[in-house]
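A.B. asks: Starting from the known structure of chain A, fit chain B onto it as the hints suggest.
There are 2 protein chains.
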Amino acid sequence: MNKKGLAILMRTRMRPGEPSKLALSPLADQANEMRAENKGNQSAGSSMGDGGGEGNRVLSPSSNNMRAFEQVRESMHSAISMNKTEVLDTVLSDFSEGYFSLSPENRRKLLLILAKEYDLNRVQVRQLINQYLSLELPKGDGAQGDTVEEEGLLSTFYRIERNLRHSLQPLYEVLFERLNTHPGGLKFLSILRADILCILAEDNIASLRALDSYLKEKLSTWLSPATLELHQITWDDSASLLEKIVAYEAVHPISNLIDLKRRLGVGRRCFGYIHPAIPGEPLIFIEVALLKNVAQTIQVLWDNPPTPEHEATCALFYSISSTQPGLAGINLGKFLIKRVVTLLKKDMPQISTFATLSPIPGFMQWLLSKLASQSKLAELEASSHPSADRSTSSFWENILKQEEESALLSLSEEFAAMNNGMEVMLHILTSKNHDWKNSPELLAVLKPPLMRLCARYLLQEKKRGKALDSVANFHLQNGAMVQRINWMADRSEKGLQQSGGIMVNYVYRLGNIEEYAQSYFSTGHIHASPDLLHQLENVDVQGNGDE
Amino acid sequence: MNKKGLAILMRTRMRPGEPSKLALSPLADQANEMRAENKGNQSAGSSMGDGGGEGNRVLSPSSNNMRAFEQVRESMHSAISMNKTEVLDTVLSDFSEGYFSLSPENRRKLLLILAKEYDLNRVQVRQLINQYLSLELPKGDGAQGDTVEEEGLLSTFYRIERNLRHSLQPLYEVLFERLNTHPGGLKFLSILRADILCILAEDNIASLRALDSYLKEKLSTWLSPATLELHQITWDDSASLLEKIVAYEAVHPISNLIDLKRRLGVGRRCFGYIHPAIPGEPLIFIEVALLKNVAQTIQVLWDNPPTPEHEATCALFYSISSTQPGLAGINLGKFLIKRVVTLLKKDMPQISTFATLSPIPGFMQWLLSKLASQSKLAELEASSHPSADRSTSSFWENILKQEEESALLSLSEEFAAMNNGMEVMLHILTSKNHDWKNSPELLAVLKPPLMRLCARYLLQEKKRGKALDSVANFHLQNGAMVQRINWMADRSEKGLQQSGGIMVNYVYRLGNIEEYAQSYFSTGHIHASPDLLHQLENVDVQGNGDE
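So the protein sequences, as listed, match chains A and B. Here the numbering used here = 1-based position in the first sequence + 159. Here the numbering used here = 1-based position in the second sequence + 159.
Hints are computed from structural coordinates only; laboratory data are not their basis. Among the hints, a few may not be true.
The list treats identical chains as interchangeable, and a pair is accepted whether it falls inside one copy or across any two copies.
Here are the simulated lysine-lysine pairs, DSSO-like style, with alpha carbons at most 27 Å apart [claimed, not checked]:
| id | residue 1 | residue 2 |
| --- | --- | --- |
| 1 | LYS653 | LYS591 |
| 2 | LYS596 | LYS606 |
| 3 | LYS505 | LYS493 |
| 4 | LYS653 | LYS493 |
| 5 | LYS377 | LYS493 |
| 6 | LYS621 | LYS529 |
| 7 | LYS497 | LYS377 |
Note that this is a predicted model, so its numbers are computed, not measured.
In isolation and in its complexed conformation, chain A is listed as follows (with noise of 0.2 Å):
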């Protein structure tokens, strides 16, 4: 362990990854490093920059901020209109810098300018509209015989229609395309994309979401998976790289040197996408682990000793995170996991399953609020018709079953005074610290109807045709299947609040790859294994996860 060693451990302690309470303020740290890379690059704008987007805010007088804006204002425009891509360098430059010293209220400000005064030129849009409807389109599409009258008369309307298509372009194009091809630029645009979206977050503004929305398509045409190389990242990487992958990892936080070393060691691998114009940090990274089971719960990987490489038959991918908040949205995941099946199947034959150890992380927030109105609904309908049949009723439905109710009930005394079984398990699955998983009484009572509604939830719960769970969406479109999910499989505080403690098994079979990712695309269907379907109506039959 060296000093570079020794440099992540501390970073990694700076960077608790809490919410933070600016809106822009997880790009400050971005911002400086990125100001740091161009320090040899003085510009007119730089010096108003120094102490960087907070101090700013703080320390600068108004007037003084005003005129950072205008400078910025000033170069932006130059960098749209100036003519000769050659020229660009400095100004470019200028504005990226000056960007980063802005505070959030000027960011915001400029990036509406950039939305609204560099939009599409809307008069020129319809001129030639206006010489579009005029021209006939030429019949001559009988592949031969064209005459040569007509090959002309065919020139100016493809000329027109070209002139069109450009004319609906947005002059800030113009600006994406020069920072693309601008050193630093890819990733200046991945950041303004960051600043966008926790703008439209507070405030949906449709000339910004045009701006998104255009910016989305560009960075996706540029990310392309055919410009992206696949890195494995090892313990040899640079300190700088390896501290990107503490400080991203979204689903397992890393907690420590050792830690990370584990996860890049034997029995295991990390592979992340680079993009050229982004060197030295993975754009998305995957984390993998070589088993001879498909494993149940976390606290396998992070127990028990690695598994020796030759007796590996499964490789259990158990964390993927994204590193760019600007780039939400463009899938770099599904590529990046074709990839990896592909290179680990070519160089360990001996892999026949590829799995997941997923999370679930909107299966607590879909059950509360499911708990909350129906019990609510259930409350309201026994008091407006105390003998009706309730399982008739169309205005609630009482998720849980008879059995599950009852035991519910028997609890304890405090609970068979609520008004029903769904209450009582709301009451018990926000009580404080997650109590509950403590009890061997309450994990008893609990796991029939969790599990159930587990099962439910991924299989069944949909928004647009599509699973309500978003990383199941990710999975499923990808290809896999759902194969099993299973109990107390992440005990952290993280795990119980966003599933209850339960994870799930996504299988990818390489033979049904490109056929479950078709039938889910089009009619959504979900490809699950018979156990768990079975689940969804019985969990006595359910023949795992059990400890």
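C.D. replies: Just chain B now, with coordinates in the frame of chain A:
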């Protein structure tokens, strides 16, 4: 020199680089390579493709040919119309392999189908245009104070605008996008475009021209310099990469292994741009010699021992070659030169001059046609107005000075009988085997007018406001200036044929690159050294390049 080396040598000998008789045959070679790479990938189409382009055309019965064509057409259709990218890999492989198995005629037929039948959906475009025109542009442009209702209207407006923009993208866009994310697809698209350019060179078909212009735009985006890796090519590179350097060197053909090794050795550099999706094959490469002074003849590079690197003060770019005919018109060279200059400047601070020793590919063609037409006009003029003062006529121009004219006519009795000096010059320059190069007497008479006219050709002959010479235009738009022209600098057959053996030094002055590029771009102004400007008027002042 190992086996690999030998293999390179063999291939070099086998590939004389002569223009081929068949429009599309230069691609057969690439097609075979590509098929070899894909050989693990059995597909419906591949059994018909055995034997490659040539064999197929000669041997296959036409019904087989027809069936193969229909299969490729079918896979093209699937590749465009299928829903889910996941399922496309086989289809895309089928299509690209199938395409390579087609005869030139069938490729042409298929490309025309692509251009015409997978164009825009014009019915949809008109519908959206009508929708768009029926909307009033919301006024809420004033950044602040937008009401919720206004935002809603704006949203609709932006949505229809985006739909219109998308509807103006041809259907074949989908094919291009999908191929770009498919392994080997980018290379395939570049080959596809090379085929399209071949067809267009013979037959200007409007729909195919539109297809080409669209594909060119896409390729430019995908090959943005941000995605290209600068690679220094050395003797340690793989034989398969070096083989490509040998095959594609377009300026000064590499004659044997020793020549290649020297170009990668002491006092020399070779850099290429590599795209991650086309590994092991630079898209463009540049060769550099490190020298004490700007070289005046190319022979200096071949004959002299290399300058010790610590004594070098000049980096001479003596060759830049593109390997992909399908990337014609996409200026990768500009960025390559900029990056190489930056890199060399950093590694070798003692280098203060960045210059080229460049061919003048269009000079002879321009001069001979000028001589032919003007001498003909002069003859006509002389016969119709025998006594008129030639210099006042507006119909023709004597491109020779009086003393040059006299010197040419007095060379021999045969010449004295000719109509004018231009006819003599034309006669000498078109003599077999460039015999004039061996006659000191002829050289002495030819040098003054050739050098003067060459300066004129480079600095004053333009097309649409840009230098007529393609290499001149390339360097000028990158920000170079014209420094010097050199007499008998390239005595090779090709050099004499293209430019009467004259070569030119363009110089990149670090402080002026942007300014020069800008002024050339906006006004067409060509920066030249004082010496060269003088040469335009009076060749006697020229103080260099004599030998």
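A.B. asks: With reference to the structure, classify each hint as holding or not holding.
C.D. replies: To see whether the hints hold, each was checked on the structure:
1. LYS653 - LYS591: within (14 Å within a copy, 86 Å between copies)
2. LYS596 - LYS606: For LYS596 and LYS606, only the intra-copy Cα distance (11 Å) is at most 27 Å; the inter-copy one is 97 Å.
3. LYS505 - LYS493: Classified as within: same-chain Cα gap 19 Å, cross-chain 40 Å, threshold 27 Å.
4. LYS653 - LYS493: For LYS653 and LYS493, the Cα distance is within 27 Å only inside one copy (25 Å; across copies 52 Å).
5. LYS377 - LYS493: Answer is both: 19 Å inside a copy and 23 Å across each meet the 27 Å cutoff.
6. LYS621 - LYS529: Within one copy only: 14 Å inside, 76 Å across.
7. LYS497 - LYS377: both (23 Å within a copy, 25 Å between copies)
This entry satisfies every hint, going by the numbered hints stated previously.
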